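K.L.:
For the record, the sequence lines run as chains X and R.
If you count the first sequence from 1, position 148 lands on 148 in full-length UniProt numbering, and the numbers rise without skipping.
If you count the second sequence from 1, position 77 lands on 77 in full-length UniProt numbering, and the numbers rise without skipping.
Read the hints as simulated data drawn from the structure, not as lab findings.
Heads up, a few of these hints could be off.
[What the hints assert, rightly or not] Derived, one-sided and incomplete: chain R residues facing chain X with beta-carbon distance under 10 angstroms: (1) Gly20; (2) Asp24; (3) Asp30; (4) Ile32; (5) Leu88; (6) Glu92; (7) Glu94; (8) Asp117; (9) Tyr190; (10) Leu199; (11) Leu203; (12) Lys419.
Please read these numbers as outputs of a predicted model, since none were measured by experiment.
Quick reminder that beta carbons are idealized off the backbone N, C-alpha and C, glycines included.
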Amino acid sequence: SPFWTEQRYCTGELGAGDRGDYIKAPLFQTRKRRITVLYSANMSSENQESEAQMESGEEKQDSQEKDSNPLKSEEAKLKAKYPKLGQKPGGSDFLMKRLQKGQKYFDSGDYNMAKAKMKNKQLPTAGPDKNLVTGDHIPTPQDLPQRKSSLVTSKLAG
Amino acid sequence: MAGAGGGSSDVQWCFSQVKGAIDDDVAEADIISTVEFNHSGELLATGDKGGRVVIFQQELENKSQPQSRGEYNVYSTFQSHEPEFDYLKSLEIEEKINKIRWLPQKNAAQFLLSTNDKTIKLWKISERDKRPEGYNLKEEDGRYRDPTTVTTLRVPVFRPMDLMVEASPRRVFANAHTYHINSISVNSDYETYLSADDLRINLWHLEITDRSFNIVDIKPANMEELTEVITAAEFHPNQCNTFVYSSSKGTIRLCDMRASALCDKHSKLFEEPEDPKQPPLPLLLLLEIISKKKEIIIIIMISDVKFSHNGRFMMTRDYLSVKIWDLNMETRPVETYQVHEYLRSKLCSLYENDCIFDKFECCWNGNDSVVMTGSYNNFFRMFDRAQRRDVTLEASRESSRPRSVLKPRKVCAGGKRKKDEISVDSLDFNKKILHTAWHPQDNIIAVATTNNLYIFQDKLN
Numbered sequence: 001s002p003f004w005t006e007q008r009y010c011t012g013e014l015g016a017g018d019r020g021d022y023i024k025a026p027l028f029q030t031r032k033r034r035i036t037v038l039y040s041a042n043m044s045s046e047n048q049e050s051e052a053q054m055e056s057g058e059e060k061q062d063s064q065e066k067d068s069n070p071l072k073s074e075e076a077k078l079k080a081k082y083p084k085l086g087q088k089p090g091g092s093d094f095l096m097k098r099l100q101k102g103q104k105y106f107d108s109g110d111y112n113m114a115k116a117k118m119k120n121k122q123l124p125t126a127g128p129d130k131n132l133v134t135g136d137h138i139p140t141p142q143d144l145p146q147r148k149s150s151l152v153t154s155k156l157a158g
Numbered sequence: 001m002a003g004a005g006g007g008s009s010d011v012q013w014c015f016s017q018v019k020g021a022i023d024d025d026v027a028e029a030d031i032i033s034t035v036e037f038n039h040s041g042e043l044l045a046t047g048d049k050g051g052r053v054v055i056f057q058q059e060l061e062n063k064s065q066p067q068s069r070g071e072y073n074v075y076s077t078f079q080s081h082e083p084e085f086d087y088l089k090s091l092e093i094e095e096k097i098n099k100i101r102w103l104p105q106k107n108a109a110q111f112l113l114s115t116n117d118k119t120i121k122l123w124k125i126s127e128r129d130k131r132p133e134g135y136n137l138k139e140e141d142g143r144y145r146d147p148t149t150v151t152t153l154r155v156p157v158f159r160p161m162d163l164m165v166e167a168s169p170r171r172v173f174a175n176a177h178t179y180h181i182n183s184i185s186v187n188s189d190y191e192t193y194l195s196a197d198d199l200r201i202n203l204w205h206l207e208i209t210d211r212s213f214n215i216v217d218i219k220p221a222n223m224e225e226l227t228e229v230i231t232a233a234e235f236h237p238n239q240c241n242t243f244v245y246s247s248s249k250g251t252i253r254l255c256d257m258r259a260s261a262l263c264d265k266h267s268k269l270f271e272e273p274e275d276p277k278q279p280p281l282p283l284l285l286l287l288e289i290i291s292k293k294k295e296i297i298i299i300i301m302i303s304d305v306k307f308s309h310n311g312r313f314m315m316t317r318d319y320l321s322v323k324i325w326d327l328n329m330e331t332r333p334v335e336t337y338q339v340h341e342y343l344r345s346k347l348c349s350l351y352e353n354d355c356i357f358d359k360f361e362c363c364w365n366g367n368d369s370v371v372m373t374g375s376y377n378n379f380f381r382m383f384d385r386a387q388r389r390d391v392t393l394e395a396s397r398e399s400s401r402p403r404s405v406l407k408p409r410k411v412c413a414g415g416k417r418k419k420d421e422i423s424v425d426s427l428d429f430n431k432k433i434l435h436t437a438w439h440p441q442d443n444i445i446a447v448a449t450t451n452n453l454y455i456f457q458d459k460l461n
């Protein structure tokens with residue numbers, strides 16, 4: 001079964017079926033988030049309707065350029081659907097991402113999984129994309145992108 | 001003040017110089033990250049993502065060219081910060097120069113503070129135009145002479161040499177910030193300065209590197225309760241006890257260091273109430289999926305805050321507008337200028353391409369009559385406060401002929417596009433002007449595009 005599919009984009013707690021004590025986060029943390037609603041099994045059917053409405057609301061927003069408050073109406077709609085919004089425990093993900101900028105993780109789970117998969121002695125080395133340090137290949141210190149200071153003089157001074 | 005910032009309507013801006021490479025292939029290290037004039041305006045410093053500082057010096061005015069003020073030429077360049085890796089925290093520390101602030105000149109040398117995400121450095125830039133010659137124990141090339149071969153003695157003398165400008169780090173202020181430094185500001189007492197990161201502000205003495213005072217700490221005891229971060233901070237220009245800091249929630253807090261050692265409790269809180277009829281602040285809805293929960297964040301980030309030179313006003317820049325606040329009135333700004341109102345209906349796509357997180361800066365002219373800020377498509381905007389007029393100009397190679405007057409630009413929000421107008425959908429969002437600076441006395445401005453520095457002057461007749 002796919003082990004860590006959508007959770008790659010979640011920073012919630014790891015459930016019982018996950019890899020437990022491995023702390024995992026993508027090496028590069030994009031700030032992108034999907035605005036559309038992801039369907040989850042625990043949601044009530046009411047939320048299913050809201051998903052459809054949400055998407056049509058976005059379409060409306062795109063077409064009505066003349067609407068003076070395109071976002072205000074969208075906000076009001078969402079607040080009506082989810083009255084408990086804004087009181088989410090667990091902190092703001094956006095702010096946490098900003099604070100954790102620059103954090104790099106070595107995923108020991110990936111490392112051990114890839115190692116266990118290999119029947120042969122030959123271990124996979126880094127492919128052309130050296131920035132991909134997680135996944136199937138086993139990272140080594142040599143694979144990590146080298147950060148060197150620029151020895152070249154700034155072009156402004158040229 | 002002779003020649004100090006006139007109104008944007010009667011000033012005609014002309015191209016003066018452009019620095020940097022012409023090619024479109026921009027190396028990441030060449031991206032300009034900060035621009036700052038010194039207190040006299042004679043020096044102009046830039047910092048880039050590669051951790052390098054380049055300082056330009058204004059040449060003395062040329063009598064044969066009375067139509068223009070002196071040109072800025074390279075004075076000194078040095079590597080200020082290097083990339084680092086904090087192995088203990090698994091944290092990569094960028095060498096990008098976030099801010100440069102000049103110290104007022106006290107002697108022949110110039111001093112500036114430059115900072116990256118974690119470390120602030122004090123650099124001394126000094127000139128050397130003489131060197132000693134005629135040592136008894138050293139040859140001219142530096143080799144030591146055998147003392148037993150010395151038969152006569154002479155007095156070394158200083159002889160002129162070609163001007164050499166040296167930059168040396170005099171202080172390194174490190175290890176005081178857990179989070180990323182976004183601002184530094186020199187105090188008017190010329191002895192202390194503040195540095196601000198996302199959650200804390202520290203007060204340093206320029207002579208002391210192993211200690212700093214923490215004066216603001218907004219880190220909650222439980223990080224899960226975190227609701228806002230500090231986005232910018234600045235000392236008052238002449239009250240050494242006063243400073244302000246802006247937050248990601250769109251508020252500005254003014255603090256008085258005489259009130260208490262820890263300034264968590266503000267003296268004044270500047271916050272504009274939401275207008276139910278039309279939101280004056282840019283609202284952006286973010287829908288985040290955390291497991292099975294949902295959250296809405298409203299982001300009204302203030303990206304820059306700057307006091308006026310006279311210390312009576314402060315200016316804040318948020319994503320869509322520039323606001324001027326009277327320090328005596330906390331309830332609302334006294335002036336609001338729309339920078340690119342035509343983007344209000346595009347906020348969702350600007351979120352998709354990450355542009356919504358661009359941190360635009362703003363600046364005042366010398367006599368606080370005009371304010372300036374950047375926009376997209378290499379446009380920048382000036383707002384004349386007294387005459388209530390604004391202008392949009394462009395920093396481009398096309399209008400780069402010496403002393404050519406810049407033509408005002410106009411963006412067409414919708415409907416029929418007139419000739420010479422540019423439509424919103426044609427704007428290049430990769431060409432953003434985040435950093436601008438205004439000469440402290442004259443009408444000379446420095447505008448940084450991604451990797452080029454443009455210098456414009458007003459037309460002298």
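K.L.:
Looking at the structure, which of the earlier hints fail to hold?
P.N.:
Of the numbered hints given earlier, those the structure breaks are 2, 5, 9, 11 and 12, listed in rising order.
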